[in-house]
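Taking the hints into account, I'd like the entire structure generated from these sequences.
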Amino acid sequence: MGRMEYFLEIFFGGLTRGSIYALIALGYTMVYGIIQLINFAHGEIYMIGAFTALIVAGVLGSLGMPGYAILLLTLPIAVIYASAYGFTVEKIAYKPLRSAPRLSPLISAIGMSIFLQNYILLAQTADFLPFPNLLPYFDLPDFVGGILTSSEVTIVITAALVMAGLTSFIKFTRMGKAMRATAQNQRMAMLVGVNVDQVISLTFIIGSALAAIGGVLIASHIGQINFYIGFIAGIKAFTAAVLGGIGSVPGAMLGGLVLGWTESFATGYVSSDYEDVFAFALLVLILIFRPAGILGKADSQKV
Amino acid sequence: MTKKITSAIAVAAAVALMGTGSAQAAEIIFGVPGAHSGDLASYGLPTVNAAKLVVEQYNAKGGLLGMKIKVVPQDEQCKPELATNAAFKLVSEKVTVALGHICSGATKAALPIYKDSKIVLMSPSATNPELTLSGDYPNFFRTIGRDDNQGKIGASFTMGKLGAKKIAVIHDKGDYGKGYAERAKEAVDGSGGKATTVLFEGVTPGAVDYTAIVQKIKQSGAEAVIFGGYHPEASKIVMTMRKRDMKIPFVSDDGVKDATFIKVAGEFAEGVYASGPEDYSGNPLYHQANEAHKKAFNADPGVFYPQAYSAALALLNAIEKAGSTDYDKIVKALRTEYVETPVGKIRFDERGDAEGVGFDMYQVVKGEFVLVK
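Chains A and B, in that order, give the protein sequences.
Numbered according to numbering that gives the first Met the number 0, the first sequence terminates at residue 302, and the numbering increases by one at each position without gaps.
Numbered according to numbering that gives the first Met the number 0, the second sequence terminates at residue 372, and the numbering increases by one at each position without gaps.
Keep in mind that the hints were calculated from the coordinates and are not lab data.
Among the hints, erroneous ones may be present.
Distance windows between CB atoms, simulated [what the hints assert, rightly or not]:
{"id": "1", "chain 1": "A", "residue 1": "T124", "chain 2": "B", "residue 2": "V369", "range": "23 to 29 Å"}
{"id": "2", "chain 1": "B", "residue 1": "P204", "chain 2": "A", "residue 2": "F6", "range": "25 to 31 Å"}
{"id": "3", "chain 1": "B", "residue 1": "A258", "chain 2": "A", "residue 2": "F168", "range": "42 to 48 Å"}
{"id": "4", "chain 1": "A", "residue 1": "I156", "chain 2": "B", "residue 2": "L161", "range": "35 to 41 Å"}
{"id": "5", "chain 1": "B", "residue 1": "S36", "chain 2": "A", "residue 2": "I287", "range": "56 to 62 Å"}
{"id": "6", "chain 1": "A", "residue 1": "I231", "chain 2": "B", "residue 2": "E266", "range": "22 to 28 Å"}
Residues from chain B that keep clear of chain A, each with C-beta distances beyond 10 Å, as calculated [what the hints assert, rightly or not]:
{"id": "7", "residue": "S41"}
{"id": "8", "residue": "I112"}
{"id": "9", "residue": "K331"}
Partial chain A-side listing against chain B, Cβ under 10 Å, derived [what the hints assert, rightly or not]:
{"id": "10", "residue": "E4"}
{"id": "11", "residue": "I19"}
{"id": "12", "residue": "T87"}
{"id": "13", "residue": "F130"}
{"id": "14", "residue": "T148"}
{"id": "15", "residue": "I217"}
{"id": "16", "residue": "N225"}
{"id": "17", "residue": "I231"}
{"id": "18", "residue": "S271"}
The model shown is predicted, which means the values in this text are computed figures rather than measured ones.
Just so you know, even glycine gets a beta-carbon here, dropped at the ideal spot from N, CA and C.
And the structure:
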């Protein structure tokens with residue numbers, strides 16, 4: 000196998016991983032952008048999305064449905080379910096604390112994360128569970144066949160489409176405009192008639208939906224889940240969001256990809272022992288030179 | 000009862016005063032410290048049964064060296080603080096040899112007490128490598144494999160039976176997995192050029208995916224993968240490999256020889272090798288020991304029973320061969336004299352590990368771990 004081929008393999012491996020990080024990171028960054036809260040329970044929403052998909056796919060599979068139909072039904076149900084969780088978490092744990100000191104909702108977020116993890120642990124199982132491969136399988140042309148798998152192609156394309164959709168939603172719709180207004184100045188937005196509560200709820204719903212999509216994609220790709228998967232994915236995605244500039248939507252996408260590539264190349268060309276060391280060394284380096292992250296805007300009021 | 004013990008102590012003390020080897024009418028005290036109550040009682044009680052059965056056999060033949068053997072169980076619930084008490088008690092009762100303790104932690108705590116009193120201790124179940132490898136306890140022996148021996152077995156299996164010349168050794172950076180991987184690497188590197196380690200790396204447990212490391216394994220040109228760690232990472236790595244059409248053998252440890260591994264990895268688990276506690280079902284003595292237990296206690300023997308039965312045989316055989324209850328002579332006999340036991344024909348090496356006792360290799364065939372012949 001040639002050097003170039005190896006490089007491309009590592010590159011696309013990093014791209015796949017980065018796309019997932021980016022999908023989850025968007026949830027962190029959007030919530031932070033609107034209410035300056037680090038939603039630590041976000042990783043758990045990703046896990047709940049994957050669990051819902053597992054249960055739905057299990058039921059549909061036992062009914063003898065074909066693969067495509069399972070995916071088409073499972074994904075929306077997982078997204079709706081996870082969004083409902085995201086929405087509810089906000090109403091229960093963050094809304095009552097909106098005017099409290101900033102540390103209070105942060106602690107409440109950590110509490111929510113632990114609660115959801117343990118809830119799934121008790122209500123479902125502590126065991127690792129096999130996850131069916133829901134992603135479509137298709138033959139790739141020979142010259143990429145050795146480098147990429149069809150599930151990786153699906154993940155990257157899905158992530159790209161979802162992110163493009165989100166960007167145009169924020170840019171071109173009324174609700175997107177309201178979100179941007181709330182992010183800029185909550186009080187002013189309220190004064191000009193934006194329903195801030197609605198905007199915040201919508202932000203949580205969108206973020207959770209993206210996390211659920213990420214959860215279903217990666218669980219299908221890797222083939223197993225347990226109640227703890229949200230923790231590490233959440234930490235990594237949060238890192239990606241900070242790397243790209245927390246609060247910035249394109250920043251989260253870029254941060255996810257940069258983190259995915261760093262990890263992948265560190266493993267590929269140095270050692271997987273130091274995968275995390277490289278990822279966090281890069282984070283430190285970037286924050287030294289750009290304290291607000293790659294695409295973040297320095298805002299003295301928010302920091 | 001108290002009177003009996005006092006007299007036993009008195010006699011034993013007298014024997015000790017007179018010097019060892021005297022064939023006076025006395026008793027051989029066979030101590031059995033371990034978990035006989037509490038959460039882990041199921042680990043310790045089979046050992047008491049094994050000791051009773053073996054001792055009964057000897058006593059039926061007129062005892063050993065002209066003396067009757069007496070089993071003295073001592074409960075410590077696998078707790079280190081109780082284990083030291085149990086050890087002091089046995090020492091004060093002038094125990095000749097002891098079969099126990101059960102848990103590694105308790106064994107470690109109690110060992111110095113036996114060492115100071117020059118008493119041989121043989122465990123049927125404590126697998127911690129340090130107990131023998133540290134070299135601190137010349138009085139310690141065991142009839143079960145050592146955790147780190149698996150690495151060697153994995154490596155020799157991969158080089159020998161699988162004939163792999165280039166081997167990638169991967170681990171999960173944890174104590175257990177890394178220890179296993181390091182032993183495997185040592186064995187491969189020390190094979191005199193028979194095979195080489197082309198990759199030695201740790202992965203982060205719980206990472207989102209392992210595509211990069213799998214690509215690296217592929218790039219290294221490895222003909223087999225040895226993995227040290229537990230089943231969640233193993234199943235992810237195996238699945239990623241198989242989905243990329245990498246069909247090279249995957250060899251691992253008893254952290255992977257678990258039903259969950261097969262459940263999670265499904266069809267991808269097929270063909271994976273993992274070592275686990277030895278399979279003794281081919282040994283007639285193993286079946287005889289089991290039958291004896293069923294007859295005497297009307298129940299199937301529990302965990303560590305074959306190891307305990309073997310240890311009891313080995314200890315009494317050593318006393319017989321030594322012709323004395325003298326510590327040095329017993330130790331010498333344990334190291335030189337072979338004895339037929341349910342776990343095979345064994346003797347002990349310098350460190351106290353039973354030679355030839357250890358682990359077997361198993362392979363997933365049709366969704367089950369099957370012994371590799």
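Which of the stated hints cannot be reconciled with the structure, identified by number in ascending sequence?
The structure breaks only hint 12.
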